[in-house]
Each structure stands twice: as structure tokens, then as C-alpha cells.
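**Q** Dock chains B and C against the given chain A, drawing on the hints supplied.
Chains as they are written, first to last, in our numbering: chain A, 1 to 445; chain B, 1 to 291; chain C, 1 to 318.
Any given hint might turn out to be false.
As the list claims (entries may be wrong) - Cut-off 20 Å, straight-line C-alpha distance, at most; resulting in silico cross-link-like pairs (SDA-like, lysine to any residue): (1) A:Lys443 <-> C:Thr65; (2) A:Lys443 <-> C:Arg205; (3) A:Lys382 <-> A:Asp305.
Said to hold, decoys possible - Partial pick of chain B residues on the chain A-facing surface, computed with a CB cut under 8 Å: (4) Thr56; (5) Thr59; (6) Val123; (7) Val140; (8) Tyr143; (9) Ala147; (10) Ser245.
Worth flagging that the hints you see were computed from the coordinates, not collected in a lab. Positions of the beta carbon are idealized from the N, C-alpha and C atoms, including for glycine.
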Amino acid sequence: MSANSSNDELMGRNKPPPLFFSSRRFAVGSAASAAVLAACGSAPGTTTGGASAPATTGNAIELSHWYHQYGEEGTQQAAIRYAEEYSKIKPNVKVTVEWTPGDYGAKLNAALLTPEGPDVFEFSGPILDLVNAGQVADLTDIYGDARSDFNEIGLQANTVGDRLYGVKMIDDMGLLYYRKSLLEPAGIAPPTTLDELGAAIQALNTGQTKGFFMGNDGGVGVMGDMLLWSSGHEYLKDNKPDFNSDATVAAFKKGQEFLAANSGAILSGAPTDWWDPSAFTQNLTAMQWTGLWAMPGIRDAIGDDFGVMPWPAIGAGEGRPATFWGGWSQYANAKRPNVEAAKEYIKWLWIDNTDIQKDWSLAYGFHVPPRKSAAASAEPLKTGPAAEAVTILNQYGRPLFPNWTGAMGTAWGDAVNNILKNNADPKAELDAAAQKVQAELDKQA
Amino acid sequence: MSAVTPRLPPPRRPLNTGRLLGQVLTYTALVLLAILFLIPYYIIFRNALLSQPQITAFTWTWLPIPPRFENLRAILEDPTAPMLTGLRNSAIIATVQTSGSILLASMAGYGLARIPYRWANQVFFLMLVTLMIPGAVTFVPSYVLVASFGWINTLHGIIVPGLFSTFNAFLFRQFYLEFPSELEDAGRVDGLSYWGIYRHILLPNSVGIITALGLLGFIGSWNAFLWPLIIGQRSAYWTVQIVLSTFLTAQTINLPALFMGAAIAVLPLLLIFIFAQSYIVEGVKATGIKG
Amino acid sequence: MSVQSVPTSTAAHASRQRRRQLRTTLAFWGFVGPLFLGLIVFTYIPVLWGFVLSFFEAKRTVTPTTFVGLENYLTLFRDRAFIQSLITVALFALFIVPATTALALGLALLVNSITRGQTFFRSVFFIPTACSYVVASLVWKLNIFNGLPFGLANMVLYQFGQDPIVWIGPPNPPWYWLVLVSVRLWLQVGFYMILFLAGLQEIPRSLYEAAYVDGASGGWTTFRNITFPLLRNTTAAVVVLNIIAAFQAFDEFINILSGTGSSNINLARPPLVYLYGIAIGSQDFGLGTAGAFILAAIIIGITLLQNRFFAFGREERA
Numbered sequence: 001m002s003a004n005s006s007n008d009e010l011m012g013r014n015k016p017p018p019l020f021f022s023s024r025r026f027a028v029g030s031a032a033s034a035a036v037l038a039a040c041g042s043a044p045g046t047t048t049g050g051a052s053a054p055a056t057t058g059n060a061i062e063l064s065h066w067y068h069q070y071g072e073e074g075t076q077q078a079a080i081r082y083a084e085e086y087s088k089i090k091p092n093v094k095v096t097v098e099w100t101p102g103d104y105g106a107k108l109n110a111a112l113l114t115p116e117g118p119d120v121f122e123f124s125g126p127i128l129d130l131v132n133a134g135q136v137a138d139l140t141d142i143y144g145d146a147r148s149d150f151n152e153i154g155l156q157a158n159t160v161g162d163r164l165y166g167v168k169m170i171d172d173m174g175l176l177y178y179r180k181s182l183l184e185p186a187g188i189a190p191p192t193t194l195d196e197l198g199a200a201i202q203a204l205n206t207g208q209t210k211g212f213f214m215g216n217d218g219g220v221g222v223m224g225d226m227l228l229w230s231s232g233h234e235y236l237k238d239n240k241p242d243f244n245s246d247a248t249v250a251a252f253k254k255g256q257e258f259l260a261a262n263s264g265a266i267l268s269g270a271p272t273d274w275w276d277p278s279a280f281t282q283n284l285t286a287m288q289w290t291g292l293w294a295m296p297g298i299r300d301a302i303g304d305d306f307g308v309m310p311w312p313a314i315g316a317g318e319g320r321p322a323t324f325w326g327g328w329s330q331y332a333n334a335k336r337p338n339v340e341a342a343k344e345y346i347k348w349l350w351i352d353n354t355d356i357q358k359d360w361s362l363a364y365g366f367h368v369p370p371r372k373s374a375a376a377s378a379e380p381l382k383t384g385p386a387a388e389a390v391t392i393l394n395q396y397g398r399p400l401f402p403n404w405t406g407a408m409g410t411a412w413g414d415a416v417n418n419i420l421k422n423n424a425d426p427k428a429e430l431d432a433a434a435q436k437v438q439a440e441l442d443k444q445a
Numbered sequence: 001m002s003a004v005t006p007r008l009p010p011p012r013r014p015l016n017t018g019r020l021l022g023q024v025l026t027y028t029a030l031v032l033l034a035i036l037f038l039i040p041y042y043i044i045f046r047n048a049l050l051s052q053p054q055i056t057a058f059t060w061t062w063l064p065i066p067p068r069f070e071n072l073r074a075i076l077e078d079p080t081a082p083m084l085t086g087l088r089n090s091a092i093i094a095t096v097q098t099s100g101s102i103l104l105a106s107m108a109g110y111g112l113a114r115i116p117y118r119w120a121n122q123v124f125f126l127m128l129v130t131l132m133i134p135g136a137v138t139f140v141p142s143y144v145l146v147a148s149f150g151w152i153n154t155l156h157g158i159i160v161p162g163l164f165s166t167f168n169a170f171l172f173r174q175f176y177l178e179f180p181s182e183l184e185d186a187g188r189v190d191g192l193s194y195w196g197i198y199r200h201i202l203l204p205n206s207v208g209i210i211t212a213l214g215l216l217g218f219i220g221s222w223n224a225f226l227w228p229l230i231i232g233q234r235s236a237y238w239t240v241q242i243v244l245s246t247f248l249t250a251q252t253i254n255l256p257a258l259f260m261g262a263a264i265a266v267l268p269l270l271l272i273f274i275f276a277q278s279y280i281v282e283g284v285k286a287t288g289i290k291g
Numbered sequence: 001m002s003v004q005s006v007p008t009s010t011a012a013h014a015s016r017q018r019r020r021q022l023r024t025t026l027a028f029w030g031f032v033g034p035l036f037l038g039l040i041v042f043t044y045i046p047v048l049w050g051f052v053l054s055f056f057e058a059k060r061t062v063t064p065t066t067f068v069g070l071e072n073y074l075t076l077f078r079d080r081a082f083i084q085s086l087i088t089v090a091l092f093a094l095f096i097v098p099a100t101t102a103l104a105l106g107l108a109l110l111v112n113s114i115t116r117g118q119t120f121f122r123s124v125f126f127i128p129t130a131c132s133y134v135v136a137s138l139v140w141k142l143n144i145f146n147g148l149p150f151g152l153a154n155m156v157l158y159q160f161g162q163d164p165i166v167w168i169g170p171p172n173p174p175w176y177w178l179v180l181v182s183v184r185l186w187l188q189v190g191f192y193m194i195l196f197l198a199g200l201q202e203i204p205r206s207l208y209e210a211a212y213v214d215g216a217s218g219g220w221t222t223f224r225n226i227t228f229p230l231l232r233n234t235t236a237a238v239v240v241l242n243i244i245a246a247f248q249a250f251d252e253f254i255n256i257l258s259g260t261g262s263s264n265i266n267l268a269r270p271p272l273v274y275l276y277g278i279a280i281g282s283q284d285f286g287l288g289t290a291g292a293f294i295l296a297a298i299i300i301g302i303t304l305l306q307n308r309f310f311a312f313g314r315e316e317r318a
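So that you can see chain A by itself, here it is in the shape it has in the complex (with noise of 0.2 Å):
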């Protein structure tokens, strides 16, 4: 009955526990998960698409290949027919593409744990725990000369000792977008520190328009890592926990007096939330936080009336600008029976074949691709907003840890939220969670 508890619920035996949602919090386990976000347009769906594979020489092998849901559209297509090209090439593989809409963490952390798992995953989170229990392949022989094609901060996200056990496909980041045309008149300059960016949303606040906009929790949860990484530190530095220091906690104590002066003119209990641009684009805000893949969204609305920075430096010459770098990487799953030919699979398509991942990159959503061979010729990011943005994710991008787990990232979260929200004492509060984070490492150990 709809009283009922339990057991019968996650069987759906009576009232249902309907929970489709975004656990990416979950999976990345810390505010950063935005950082796992992909891109804006509109919904797809699914099926399987499998390669019709043509008539099989020797050895049939089967590999399935499993995807997140992407929001934009034309990507569940296109992810069928690189596996088709493939099955041209390698007639003997045929790879059926699974599309994952729901909760892709639980249903991919579920998966591995049996013998039934796909045998190609994407996954956007800290690894460590994949690599310890067996579930991941070690992958550093397929890269070969492309390694140093590869980016660093995406490369670091894979390793664990000196093994790479994924292939990026894409990277995602964050940008400050402002409405040029509100900026400009009210002689409002882009805003490189905090204090101005402050200044420039109680200018730009109408009531009706807001001045800020960066998630419906009042920003807090984009704001923390922000704070954190434009205080010129990390989550962790040699394996220590990197969030605790005088700078950090000087960056909080600056955010706390931030929110409390202007929290009045930033956005929040919007309809969509950060990494949706409709609050820019629908007029509710002049500025807002959001996503690299919202870009073309916003040009489509506002055509090129905008701006985009980076999260602005605690102060002048105090901090440094700032920006997540997230993203999805492949992986092979090591319980298979068949890891070679997913390694093969996973060469041919992430690390080899550049025009797919320009393609995947670039042709429904905006994202770069992380081979930096790629990034640099590929048309779209060559000129105006979106250049800008590769040129500030290689000069700002903070990279995301292996080994910070999901733990590790409710400890940050819970700290960041009662420093932010309930106005707590930074030094406590950090100090509390770096105690936590180290506990957390020294398992590890």
C-alpha cells in the first residue's frame, strides 16, 4: 500500500519508489560533478542500435558498448554508427550500443559487479575504487605516441599509479556568460575579481532581471569548489587534503560577505537550473554559470549579445581565475571475456580516429576534445566565445582527483554548505572536512 516500507519497494511489489533522477552527484560525489555534465539541446532517447553486422568471419565477438543518455540530439545515432564503421572494419566484432537513460550510476555500478557487465563503458568519476576492486582494464599500452596528444588534466584523471585505465572523450568546463548588451551601456567591464563581480550584479539587477544566476541552491554548490580553486588550491595535493589552508579559508570568508551583500540580486528558484542557459537566455538574469554545451543554445536565443570568462580571482592579484574541467572517459571492463578486443575497440575509436571524436565533440553538443591535436583544429573553436573558452580551460581548468571519492566529496559538499548557507566558520568547517577527507585517503593507503 502506498503506506508500505521496504523491501517491496525497490521491487516495486506496491508503491513505487520512481526514482529517476541525476545521481551524478552520487557517482562524482562532490559539487564538481557538474563537471561530469555534457551538453544542452534536447532529448533523445533510445534503443539498442546494434550494428547489422555483416556476415561474420571466424570468430564472432560481441562487445557492448554502454552510454550515458546525452541530451542532444543525433548522439545515440552517432554512437550506433561509429560501432557500425567499426563492424566494416573488424567484421569478426560486432558492438551493440546500449543507451542509458535514468540513473546510468546505478545501473553501470550494479552491472559490474557481475559477470553480465558491458564490455566498453563510459563514466565520469573518481576511479580509484574501479581500478582496487578488478573492474577496469589497464589501458596505458593502447595510447602509445598519442599519450602526449592527450592533455595532462584529463590524463590525470585516469591515473592511478603511473597506469592510465581510460580514454577521454570529451572535456567539459564552466564559463561566466553576460549579455554584452547589458554590460556595455551601463559601462560595466567584464568582472575579474570577486568585489567586481559583486559591483557588476547589483548594478546589472533590474528586480525583473537578476544580476546572477548559478543554481537554484543560491550558487553555494557551484560556488564552493569555485572559491576553493580561485584561492590557487586544490581537493588534494600529494595526497593530502589542499582545502584547508589560509587562502581557502581567507576565499570563504570572502564568499560568506559575497552572498550576504548580494544575494538579494542573484537569481535562485529559477524553473531550470545552472546548467540549463534558459535563465540567461529567457532575460532572468544578465550573467549566469553555466556550461561550455550550453553555447550553442545560447547563440541560437540571443545570437552574439554575449560574453564568456572564467570565475573571477578572489581579488587583484590575490587568487587566480577559475574553472572545472570535467568530462566522460571510456573504459574497458576487466571481468569480460573479451578485454583485448574492447582495448582494440577503445584504440581505434577514442585514441586513433580524431574525425569521430571531433564529431562527437563538436557536431551535437559543445564540448572539446581532449586531444590537443584535435582541439586545436577543430573549426568551431577557433574563433569568438568558443575559442576564448579552449583558451581558458587550458590556462584555468582544475583538474578532478582519481582518488576523491564520493565520501570525500560529501564531506566538501557538507562543509561548503554550512559555511555558504548557515554562515559556519570556514576554518571549523574545512578543518572538520580535511580531517574526514584524510581518514578517507589513509584507507586508501
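**A** Here is chains B and C on its own, set in the frame of chain A:
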């Protein structure tokens, strides 16, 4: 509530001004509450027939005029969101799961209530305990278990684990405990076995409770999400709720499609409700949760 | 339960009795067996398995090798966030249980007191049960309680000359509780109303008539002296079911507060949401199942406190 206390209450003269006023107030309250309760459904069906910008627009659109029926066509024709397959799977799963679990639960309820087995109470207690254990405990082991049966990507992998409802068995037991034993005795005199009594005397008298629990079970089954998601991995095994979730990705929400889908998904339930609802109160009375 | 008849000496008699007992046993398991067997496979084995896991370090594996004793339990008891989640859910129960009970009873009384249109009103209050949490949550977040002037709630406020409120997000004042409580109320109150209606209809009309003759005026007096006492069992059932459901709160919290990169879930994170993050998100099954068992113990404790009003107490009547 009524302010006036008549000195000599006339036992059968229902309509004095006090009672009339009372009725007017009652109806007014009911109508207001009914409007309040219907607002969310109004919004669902309204959103289903609007465009995305209209749903999130500055100004509230009261009625979808003109209604965008292309939303319906769009989701029925979307090859990446197989709505019809989803509806079919959901119908099969919900029907089989509901009827199966009702049968098993009513049998168990009868056994627990009416067969004087020495350990019946202990067995009953063991079953009750499972009600209080959150599904989070069993979720992952269950998955691994079902996977080891080779039931991934099958409908029975979704259906079978949901067949065993302790809660329903508990309610059936309550019902059969209060069932007049004279009827049962009469059956025994006629030479009926336990099965015969169950089949010919108790079941025919359980229509109310079967309808009530069946309806609630059907809703639960129809709306279930996580289990069908991880078991039915290929789109051929998706339920309607999974199909719905394709409109709600981490990056985008296709609101008109989502609400049109939600409207389609809830419609069968509403129809069944209207059809079955007269049984529900009777059924609940039968379960013995009452005064 | 089973009546031991006085043995009348002969062995034949004893064996006949044994045979009857055997028949009873077989019949019992014939009826209860299918369900019980299913429970063994799909509930008891997973529960035991989970219980074992809770004493191991089990990350991304369900066949762990590192035994850690009570470590997972101790970790949780020391975990401020987990304790906070228990407080959160207790607070939630404190809101939702009385609200649901009162509203369900109120609706039942109203519906029961009218002569025309009972079916209609009963249906209207009951059909929200058919809606899923996902869809309801979306409607609440998007259309009713969005923070802009054009959300439905803010439009109503505007009519009274009030400024729009950002319902979900700010910690003070905690409007988000209104959102969370109202969505669950809408979804579940009709179900409990049905329970009360069933209870009300079982109260013999003659009792009211007798009270009437004795000079009772109806209304509050009869409610206090007749209706409510006779609904005691129903009320107890409603309260217990409600508490169990409240302590397992999950869906509306996830669907309304959680979101990519959003920290709103920190406003109110019930234990199942926290544990879901640990077990399903981080794949730490040891810690996750330990937490779920703590929660189960709490729920069982509360239920046992109530049991003399409900469930176990009733079987004596058989």
C-alpha cells in the same frame, strides 16, 4: 460545531437551519479542497499540451489553447523513446506481478490465519520483520542474485522478485482472521479440503480486498523505476517509467514530452481507479484496519 | 493454538493424530510455502547477505574479504552527517505524521457526512495515489513552488500583496519543508482517508442515534465521545504506517532537492538519501548496509512501541 442545541432534540427531523448551514459549509469546504487536490493533475495535463517556453514562461497560461496535440504525436513517433513498447511491457509486468502477488499473498494469508499449524505465529513474525527493513539493504545483493540466474534483460527478472509481498499477506491474514468461521465449518461438513474451502468459500468472498490490494499493487508495479531500470537494460524491456525518464536527462528536460508521457502513463491508472473505486472502501474495511 | 486432545491410550490413535498433524503441516506449507520460498530467495538471502556485508569493507564488491567487525557501524555513529540525517527524518516525521493523520481524518469526516457526491469527492481525494513521486515532484518544483513571480504559489501571494518567495534554496525561513510536506500530503492523504472512511462506516449508526436521544448535539461532542474512540485502531494503524513510510523518505527529497551540482539536498537529507549515495553512488556496500540496518532497527523499535495498538495485538482475537 453546530451552535444551536435544541432543548428537545427531535429524533427524526433532519433539516433544521443548523444542519442546513452545516451541509452548506461542508460542501463548500469539500469543493475548495477538491479544487486544491485537482490542481496538480490540471497542471500535468495542461503542461502536456503546451510548448516548452509556455511551461516555463513568465505569464501563467491557464488553458492550453490551442492545444498542442503534436506533443502526443512527437512522443509516439520518437524512435528513441519507445512509448508503445514501454506501455506494453508495463501492462504485462503490472498485470502478472499484481495477480501473482495477490494469489500468493491470499494463499499465505489464509494459511497463516486458518490452518492450526504449530509454528504459524513464528512464521508470521519472520515475515513481518521484512516489512521494516529498508530496500536499500537488499537491493544490491538481490541484483547480483537475479543476475546469477541469468535473468538480466528478461521480463521475468523484473516480475518474479516482486511477487512476494509480505504486506499483502499480512492484510489478507487480518481479513481471514475475521472471516466468519460458520461458513468455513459448513464447507468442512460438505467434505471440502483446505484448498476447497479456500477456493470455493474464501476467495469468492474476498473480491473487495482483492480489488483494493490489487489496485494498489498495480500502481506500485506500474510506477516502479529502479529495479526495472537495472534489470531491463535493453530498450525492448523498458517500462513506461523508463521511457519517461528519457525526457529528463541530466542536461535537459523535454518538458512537453515528459508531461505528455506522464499523462499517458497515468491515464490507465485513473481509468482503473474510476472503475474499481467502489470496491476500495469495502476492501479496506475487509482488511481489518479499522475501528 | 493447536489443541492437544487427551491421549486415549492406543497407538493407533496416536498415529492417527500424527497423521492429522502431518496433514496440517503439509496444508500450511502448501499455502504459505510459495510465498515463503520466494521470500527466502528474494528477501532473506539478500538481507543476510547485506548483514554480512555490513561487517566487511566492501567497496565495489559483494564478496568482500576484509572483515572489519563493527567498524562500519561505529563510523556511522561518529558521522555527523549521518546523525544529522536521522534528525532530519525525525523532524520530517514530526511534520508529516500529524499532518497526514489530521487531514486524512478531516477529509474522511467531511466525505462521510454528506449524502450526495460521496463517490465523486472520494475519488478526487484518492486519485493522487496514482501519481508517481517523480512527476509530482516536478510539478511542485517547476510550476507550483518555483521562486519567480510566475510560480502558482507566488501568484497567489501576489494577490495578497506579498512579494514572491524563493521556496526551495534558502535555509531560512525553511519554506522547503512546506514543499516537501505538501507533496507527500497530496500523494498519500487520500489513501489514509480511505482507511478512515472504512473505519467510520463500521461505526454502528445506532450509537449516534442513542447519543442523540441522550441529548448530545452532534458535532464535536459526538466526535470526541463516539467517533474518535472507535477510530482508535484505525488511527493507530495510520500513524504506524505513516511513521514507517516517513522514516524511509527518499523520493520527494531526491526529486525536489537533488540535482547536478546543486547543494539543496544539504537542506534536508534523510538517511536513505545519504545511504543511497554511499551504497549506490560510491559503491561502499559495507557502510551502506550498516546504515540501512541502523535505520531498520530504529523503525522496528518505533513500530514495537506502537504494536499494542496494532498488528501483533490483534491476532489474539482469532
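**Q** All hints are to be evaluated individually against the structure, with a verdict given for each.
**A** Quick rundown of the hints versus the structure:
1. A:Lys443 <-> C:Thr65: holds, 15 Å
2. A:Lys443 <-> C:Arg205: violated, 68 Å
3. A:Lys382 <-> A:Asp305: holds, 18 Å
4. Thr56: It holds, given that the least Cβ distance between Thr56 of chain B and chain A is near 4 Å, below 8 Å.
5. Thr59: violated, 12 Å
6. Val123: violated, 17 Å
7. Val140: holds, 7 Å
8. Tyr143: holds, 5 Å
9. Ala147: holds, 4 Å
10. Ser245: Given a least distance of 4 Å, the restraint on Ser245 of chain B holds.
When each numbered hint is compared with the structure, violations occur for hints 2, 5, 6.
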